[in-house]
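Here is how the chains run, residue by residue.
There are 2 protein chains.
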Amino acid sequence: MAAWARAVRGLLLDVSGVLYDSGGDGGGVPIAGSAEAVRRIKTSGLKLRFCTNETQTTREKFVKKLRGMGFDISVSEVTAPAPAACRMLKERSLRPHLLVHNDLVPEFAEVDKANPNCVVIGDAAENFTYANLNEAFRVLIGMEKPVLISLGKGRYYKETDGLKLDVGAYMKALEYACDVQAEVVGKPAKTFFESALAEMGVPAQEAIMIGDDIVNDVGGAQRCGMRALQVRTGKYRPCDENHPQVKPDAYVNNLAEAVDVILQQL
Amino acid sequence: MAAWARAVRGLLLDVSGVLYDSGGDGGGVPIAGSAEAVRRIKTSGLKLRFCTNETQTTREKFVKKLRGMGFDISVSEVTAPAPAACRMLKERSLRPHLLVHNDLVPEFAEVDKANPNCVVIGDAAENFTYANLNEAFRVLIGMEKPVLISLGKGRYYKETDGLKLDVGAYMKALEYACDVQAEVVGKPAKTFFESALAEMGVPAQEAIMIGDDIVNDVGGAQRCGMRALQVRTGKYRPCDENHPQVKPDAYVNNLAEAVDVILQQL
Numbered sequence: 001m002a003a004w005a006r007a008v009r010g011l012l013l014d015v016s017g018v019l020y021d022s023g024g025d026g027g028g029v030p031i032a033g034s035a036e037a038v039r040r041i042k043t044s045g046l047k048l049r050f051c052t053n054e055t056q057t058t059r060e061k062f063v064k065k066l067r068g069m070g071f072d073i074s075v076s077e078v079t080a081p082a083p084a085a086c087r088m089l090k091e092r093s094l095r096p097h098l099l100v101h102n103d104l105v106p107e108f109a110e111v112d113k114a115n116p117n118c119v120v121i122g123d124a125a126e127n128f129t130y131a132n133l134n135e136a137f138r139v140l141i142g143m144e145k146p147v148l149i150s151l152g153k154g155r156y157y158k159e160t161d162g163l164k165l166d167v168g169a170y171m172k173a174l175e176y177a178c179d180v181q182a183e184v185v186g187k188p189a190k191t192f193f194e195s196a197l198a199e200m201g202v203p204a205q206e207a208i209m210i211g212d213d214i215v216n217d218v219g220g221a222q223r224c225g226m227r228a229l230q231v232r233t234g235k236y237r238p239c240d241e242n243h244p245q246v247k248p249d250a251y252v253n254n255l256a257e258a259v260d261v262i263l264q265q266l
Numbered sequence: 001m002a003a004w005a006r007a008v009r010g011l012l013l014d015v016s017g018v019l020y021d022s023g024g025d026g027g028g029v030p031i032a033g034s035a036e037a038v039r040r041i042k043t044s045g046l047k048l049r050f051c052t053n054e055t056q057t058t059r060e061k062f063v064k065k066l067r068g069m070g071f072d073i074s075v076s077e078v079t080a081p082a083p084a085a086c087r088m089l090k091e092r093s094l095r096p097h098l099l100v101h102n103d104l105v106p107e108f109a110e111v112d113k114a115n116p117n118c119v120v121i122g123d124a125a126e127n128f129t130y131a132n133l134n135e136a137f138r139v140l141i142g143m144e145k146p147v148l149i150s151l152g153k154g155r156y157y158k159e160t161d162g163l164k165l166d167v168g169a170y171m172k173a174l175e176y177a178c179d180v181q182a183e184v185v186g187k188p189a190k191t192f193f194e195s196a197l198a199e200m201g202v203p204a205q206e207a208i209m210i211g212d213d214i215v216n217d218v219g220g221a222q223r224c225g226m227r228a229l230q231v232r233t234g235k236y237r238p239c240d241e242n243h244p245q246v247k248p249d250a251y252v253n254n255l256a257e258a259v260d261v262i263l264q265q266l
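Protein chains in written order, with our numbering: chain A, 1 to 266; chain B, 1 to 266.
A hint or two may mislead.
The list treats identical chains as interchangeable, and a pair is accepted whether it falls inside one copy or across any two copies.
With a straight-line cut-off of 30 Å between C-alpha atoms, the simulated DSS-like cross-links for lysine-lysine are [stated by the list, open to error]:
(1) Lys61 with Lys90
(2) Lys247 with Lys145
(3) Lys158 with Lys145
(4) Lys190 with Lys47
If you are wondering where the hints come from, they were derived from the structure by calculation, not from laboratory data.
Model, not experiment: these values are computed from the prediction.
Just chain A, same shape as in the assembly (with noise of 0.2 Å):
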């Protein structure tokens, strides 16, 4: 019936606005029946993996608080921005100016951050100040060549409180005063879709990604050669089902419905 679901063997969960929606202060609501579709893909025998565009902890608090919640997950399950930053700022020999989350900063312990020659920029919540603002402008202002690196591109995200404008925002704040092109890691880079695929060991035709956003999600994974589902839960709203250049493969209400269909076809 949903030829959508067919010849899958690994799936890609989106977490925030997925499996629970996040609050301002940290913590979060389930969303209903998330918790047990996660246990549900997990004896199904396919493969799993949360691909999170999650920049205001380190993963292993995330994790800690989704286990909270009661999710089965788990560190090595998660594929998220900030240690795909590490690797390329190693890789490159770039030393950050972090603008990033108070949390996020112990994942980049390792990271030798003296005499910047690049900015690095995450969902950083209250951090997004003025002052903070104007000190990484500078940062890149006074670069001959500056380098924006960006932990994700979305537009905003929904807490319990609201919609809130996410790291994209600021990201082209700087992008336009400096006149210069964030490189973006997280969704929707393709090396990051691919990472978390490589990591499942199973190929692009093969896998679904489920998401809330249209285009960091859906659009990104679909760009990979994947299927992708739009969840009707967390940022989602109506209009993005007229979304000029996306098309989900499907929409689905909640994570639990696309498991239901999913396992259905197995």
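Using the hints provided, position chain B relative to the given structure of chain A.
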């Protein structure tokens, strides 16, 4: 000798970076020779208009500060974005949510701000907090067709304690987050320069704009048919002289030098 200086009847002067360098505390330091240059223009018989994108204060306070630094300037000689925005808001029955500097708010005293149906963004400086950006974003994203009005689109400006992000950077953040294009009031908008010319009663071909911003002063004025000079003061940077799109009619070291040359041709 200087062909660009011939047949001039009026001058438009940018203020910050041409007359003075502004300070983070709302004060500033006059640029050497500029106060004397303004006096010489006024006694020469040339028409004069101050054409500023200043949105951190009312015109009254702005003029008072400049007079305190020794400049011969009055409110009626200043073309600024906030009054232009107020005219636009009234014409279109728009009720703004304001994301502006506290000191600019009195310029909008006569405007109905209840139940907002647009956002007006100015150079809010310390008011560009994470919370205030999110609030403006939510007003916009909640509209069927978001209306964002920006009092300028400058990338950055120079204060005595360093470069600061200008309104344009924050405008870009909201544009990206809401997938909307801002309507710019102030330089480099054509209507803004045209108002200043009309207020002087001088046609574009007989006017010269003098500014430190290669795009918003020089490029904007040239698109209106004016000649335009870039001063090597304020936010001027040597790399401006290799700008891919904009080429001033001449460079001058400062306002005093420009006035020297222009007055020699009268």
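We went through each hint and held it up to the structure:
1. Lys61 with Lys90: within (24 Å within a copy, 51 Å between copies)
2. Lys247 with Lys145: between (37 Å within a copy, 22 Å between copies)
3. Lys158 with Lys145: For Lys158 and Lys145, the Cα distance is within 30 Å only across copies (20 Å; inside one copy 35 Å).
4. Lys190 with Lys47: Within. Shortest intra-copy distance 20 Å satisfies the 30 Å Cα cut-off; inter-copy 58 Å does not.
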